[in-house]
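UniProt numbering puts the first residue of the sequence shown at 1, with every later residue one more than the last.
Hints in this document: simulated from the structure, not taken from any laboratory.
Where hints are given, some of them may not hold.
Stated by the list, open to error - Label-pair ranges, simulated between beta-carbon atoms:
id : residue 1 : residue 2 : range
1  : T23       : A116      : 23 to 31 Å
2  : T56       : G28       : 18 to 26 Å
3  : E69       : T23       : 24 to 32 Å
4  : E119      : A48       : 14 to 22 Å
5  : R117      : S86       : 31 to 39 Å
6  : A36       : I78       : 12 to 20 Å
7  : P52       : A91       : 15 to 23 Å
8  : R117      : V81       : 29 to 37 Å
9  : R63       : G24       : 22 to 30 Å
10 : L77       : R115      : 15 to 23 Å
11 : R118      : G94       : 31 to 39 Å
12 : D64       : G28       : 17 to 25 Å
13 : T56       : T23       : 18 to 26 Å
14 : S113      : T23       : 39 to 47 Å
Since the structure is predicted, the reported quantities are computational estimates derived from the model, not experimental observations.
C-beta: ideal position from N, C-alpha, C; glycine also.
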Amino acid sequence: MANGLGGAVLPQIQRIFHGGTLTGLTDGQLLERFAARNDEAAFEALLARHGPLVLTVCRNLLRDRDDVEDAFQATLLILIVRKAGSIQLEASLGPWIYSVAYRVAIRARANRSLRARRENAVVDLDPQAPARRGNHKPTQTLLTT
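Input sequences plus hints: build the corresponding full structure.
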């Protein structure tokens with residue numbers, strides 16, 4: 001039994017002793033650890049701190065659940081891929097990640113609106129569209145004559 005428990009707990013204990021506790025580190029320190037050493041624990045700590053903020057911003061601006069998830073993930077990808085090594089922080093990552101999440105969500109909302117307009121335009125160009133929308137006058141005329 002001790003072997004099973006040790007197998008689950010040991011990696012966590014090693015991570016704490018190897019990397020130290022992350023709760024006392026600033027966002028800048030965590031970001032530096034993630035960018036320089038690809039430290040997953042540092043990224044997880046940043047996600048725990050700022051993930052709820054990003055999710056709230058996306059939910060407030062977007063209605064569709066899939067759009068919310070996409071905007072959330074896009075914000076994190078911007079942090080990971082593009083900016084992790086170039087962000088200079090003295091304090092909190094909060095204001096930066098808020099502005100990124102806001103811009104990503106606004107762009108997603110605009111793209112959703114544009115896509116809906118294009119889809120509606122395609123339906124209007126379709127000669128069969130009136131019949132599918134319930135306009136059956138031509139059919140009714142043929143049936144009564």
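To see whether the hints hold, each was checked on the structure:
1. T23 <-> A116: 23 to 31 Å: The hint (23 to 31 Å, Cβ to Cβ) is violated, given that T23 and A116 are roughly 44 Å apart.
2. T56 <-> G28: 18 to 26 Å: Between T56 and G28, where Cβ atoms are some 23 Å apart, the hint holds.
3. E69 <-> T23: 24 to 32 Å: For T23 against E69, whose Cβ atoms are near 27 Å apart, the range 24 to 32 Å holds.
4. E119 <-> A48: 14 to 22 Å: violated (38 Å)
5. R117 <-> S86: 31 to 39 Å: For R117 and S86 the Cβ distance comes to about 36 Å; the hint holds.
6. A36 <-> I78: 12 to 20 Å: holds (19 Å)
7. P52 <-> A91: 15 to 23 Å: holds (18 Å)
8. R117 <-> V81: 29 to 37 Å: holds (31 Å)
9. R63 <-> G24: 22 to 30 Å: For G24 against R63, whose Cβ atoms are near 39 Å apart, the range 22 to 30 Å is violated.
10. L77 <-> R115: 15 to 23 Å: Holds, since L77 and R115 (Cβ atoms, about 21 Å apart) stay within the stated range.
11. R118 <-> G94: 31 to 39 Å: Roughly 36 Å apart at Cβ, these two residues keep to the hinted range, so it holds.
12. D64 <-> G28: 17 to 25 Å: Once the Cβ atoms are compared, 34 Å apart, the range 17 to 25 Å for G28 and D64 is violated.
13. T56 <-> T23: 18 to 26 Å: holds (22 Å)
14. S113 <-> T23: 39 to 47 Å: holds (41 Å)
The structure fails hints 1, 4, 9, 12 (numbered hints given earlier, in ascending order).
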